[in-house]
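From first to last, the protein sequence lines are chains A and B. Just so we're aligned, residue 1 is where the first sequence starts under the numbering used here, counting upward by one. Just so we're aligned, residue 1001 is where the second sequence starts under the numbering used here, counting upward by one.
Any given hint could be a false lead.
Stated by the list, open to error - As a list, the in silico DSS-like pairs of lysine-lysine whose alpha-carbon atoms are at most 25 Å apart:
(1) B:Lys1167 / A:Lys167
(2) A:Lys167 / B:Lys1071
(3) B:Lys1167 / A:Lys62
(4) A:Lys71 / B:Lys1071
Source of the hints: derived by calculation from the structure; they are not laboratory data.
Number of protein chains: 2
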Amino acid sequence: MEQNLSDTIALLSRTPAALDALLRDLPEPWTLRNEGEGTWTAFDVVGHLIHGERTDWMPRAKMILQFGESKAFEPFDRWAQQRESQGKSLAQLLEEFARLRSENLAELRALNLRPADLARRGRHPALGVVTLSQLLAAWVVHDLTHLHQLSRLMAHQYRDAVGPWGKYLGVLHCTAHSAP
Amino acid sequence: MEQNLSDTIALLSRTPAALDALLRDLPEPWTLRNEGEGTWTAFDVVGHLIHGERTDWMPRAKMILQFGESKAFEPFDRWAQQRESQGKSLAQLLEEFARLRSENLAELRALNLRPADLARRGRHPALGVVTLSQLLAAWVVHDLTHLHQLSRLMAHQYRDAVGPWGKYLGVLHCTAHSAP
Chain A
1 MEQNLSDTIA
11 LLSRTPAALD
21 ALLRDLPEPW
31 TLRNEGEGTW
41 TAFDVVGHLI
51 HGERTDWMPR
61 AKMILQFGES
71 KAFEPFDRWA
81 QQRESQGKSL
91 AQLLEEFARL
101 RSENLAELRA
111 LNLRPADLAR
121 RGRHPALGVV
131 TLSQLLAAWV
141 VHDLTHLHQL
151 SRLMAHQYRD
161 AVGPWGKYLG
171 VLHCTAHSAP
Chain B
1001 MEQNLSDTIA
1011 LLSRTPAALD
1021 ALLRDLPEPW
1031 TLRNEGEGTW
1041 TAFDVVGHLI
1051 HGERTDWMPR
1061 AKMILQFGES
1071 KAFEPFDRWA
1081 QQRESQGKSL
1091 AQLLEEFARL
1101 RSENLAELRA
1111 LNLRPADLAR
1121 RGRHPALGVV
1131 TLSQLLAAWV
1141 VHDLTHLHQL
1151 SRLMAHQYRD
1161 AVGPWGKYLG
1171 VLHCTAHSAP
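Produce the entire structure from the sequences given, and follow the hints as far as they go.
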């Protein structure tokens, strides 16, 4: 399936409410535990999504439109949320994510992108030449990667508690951690 | 982490609203496509969760309390939703799931389970002896397994569209499909 702008926006616009419904006021064992050293909690994941809204997706989309392949994107800081989320509650992060996503989608819609724009090319600092359409598809799949990670890290907390059922529960067998 | 009844109920009670926020009125390319032959769509997943509410979790919990290890649970039909979801819309399924989950959690709360109850044992037709506590933990991780599956099957639709980003997006590398 090709990237389709209205399908992309439809999914991107739902992520904040889905995370809010899942995580808000959830007991801390679910939101403040990770999968072991060097891994993230649900709190970290929401902070990471916020950082992406601020520095990654729309800033990169605008760089493609403005500079094309002539200027590489800024590398993405996968640990920025450790600094930026300090002192905030999960509820605050969920609200900040929803607000930033909504602003970014308003800006995306206002660009009125046509097929020729979606085919425009930019330069990723590690991946090389990418198109605006690929960037928008990656924004969606990045949301889904972190929803996938969230379900896995929360399930991890009950890894032992499920006893023999562990064999049947696919999420406990996932090894597809995100690359940097 | 041990299974904790209030943590369990907190998570179980959020799943229907999270799925509703993610899936309701989402364009059909996200909800009616699967990952290939013999796999499920988002529509199938919600139907499967409904079947679990009707026939699996609370009925099995009550069997443990009533019969202990003397009577094995009914095997779970993983394809029942193909029959039971026919002619329904995704919005109808989301509402049905929310209603059944809410009724089941009201029933679970009304049991006023004490630690001694949670240690009671029943018999799974394939896994053998299991405890009520393990059953409740498995109910949670079953929700998370299907949230994990949902994020993966939706991401699959943009597998090609993301171009070189595929390398970085963990959900596209997940092979942890659920066992029957």
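query: Is it true that the CA of Lys71 (chain A) sits at most 25 Å from the CA of Lys1071 (chain B)?
result: Not OK: Lys71 (chain A) and Lys1071 (chain B) at ~68 Å, beyond 25 Å, violated.
field: Given hint Lys62 (chain A) paired with Lys1167 (chain B) - CA-CA distance at most 25 Å
entry: holds (23 Å)
25 Å Cα cutoff - pair Lys167 (chain A), Lys1071 (chain B): Answer holds: Lys167 (chain A) to Lys1071 (chain B) is near 22 Å, not above 25 Å.
- request: Compare the distance between the alpha carbons of Lys1167 (chain B) and Lys167 (chain A) with 25 Å, and conclude whether the hinted pair is satisfied.
  value: Roughly 28 Å between the alpha carbons, so the hint for Lys1167 (chain B) and Lys167 (chain A) is violated.
Comparing the model with each earlier hint shows violations of hints 1 and 4; every other hint is respected.
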